[in-house]
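Could you build all of it, start to finish, from the sequences and the hints given here?
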Amino acid sequence: MRPFAKTRKSDVTTGLVLGIDVGGTKTHLRVQDDDGRIVIDVVRPTTDWETTLHAKADTLAKLIRDIGGSPLERIVVGAHGCDTDADCAALAENLQARVGVPTVVVNDSLLLGPAAGYGRCISLISGTGSIVLGSDANGSTLYAGGWGWLLGDAGSAWGIVRESVMLLTAAADRGEGDQILLDGLLMASNCANLRDLVAYLERWPAADWATWVSAVFTAAAVGSSLAEEAISQGARTLSALVTTLLQRGAIAEAVVAAGGVIVNQPTFAAKLARYLAHDNGLPLVVHAGAPVAGAVRLAREHLLGVVPT
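Residue numbers for the sequence shown follow the working numbering, so the first one is 39 and each next one is one higher.
No lab work stands behind these hints, which were simulated from the structure alone.
Incorrect hints may have been included.
Label-pair ranges, simulated between beta-carbon atoms [unchecked claim]:
| # | residue 1 | residue 2 | range |
| --- | --- | --- | --- |
| 1 | Gly74 | Arg103 | 20 to 28 Å |
| 2 | Gly106 | Arg241 | 43 to 51 Å |
| 3 | Ala175 | Asp234 | 49 to 57 Å |
| 4 | Asp121 | Arg274 | 19 to 27 Å |
Using N, Cα and C, we set each Cβ at its ideal position, and we do this for glycine too.
Next up, the structure:
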């Protein structure tokens, strides 16, 4: 197959669209024809992404040319780290200049709704970190949360672990404790006591201790009240962030969620669903499929002139 050529108005219409999902660790590229058949589907490691705008565009352009194929009609990229509409527009412009194909870039979280079949929704990520996104009537993207392990990311892996340790330290100050939760975290961390546990959180990358989140859910399942409180607090805060976006003008018929915590912990999903129903009257849809399907759907809709709100 020859590399993708720059398309011109005189070119024969191919009907091919490309969706790209650039995540923190992997980049998924999918080409689909106008009959909905997947022509190319490849996954590559995400490399050299936390760099300049031009470097990101160069990286994507090389990936597009490397996969080969017939000329494309539209490209939609869901890009990790593109956290404003201005960032997305700038990357789209730079990539389009390199490949000669009409291109749209959105934050990668915004692929969830289209991937799950929703045009108007709030996207919620609950994985290692967390963030909530939506769009208003003008199509402007609204962001809430996503402030990282130190200050935010409630309801994420490191958010729930951080909250659990904070509850344990507060209980210790009162002369109380929760041995079930403490034992679970000590076993997961290979620490000797609570002070060692706190020191670990201070000295090691958050991605390391985020993996202890399964110990928190296990502790909650066998009766730990503090583990239950940490999990519930994460779910409540995420629901509150959804409320914030709705108050700012987000339009949604559902909350579509993805990420390791929400997908792999059904009790957490159930808690969040209850808070969302009570606070906002919105259903929770947990989507475990590939987000790149949302990029392909958006690309097809842009090609057809059906631009979602």
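Hint check results:
no.	hint	in the structure
1	Gly74 to Arg103: 20 to 28 Å	holds (24 Å)
2	Gly106 to Arg241: 43 to 51 Å	holds (46 Å)
3	Ala175 to Asp234: 49 to 57 Å	holds (52 Å)
4	Asp121 to Arg274: 19 to 27 Å	holds (24 Å)
Going down the numbered hints, you'll see the structure goes against none, and every one checks out.
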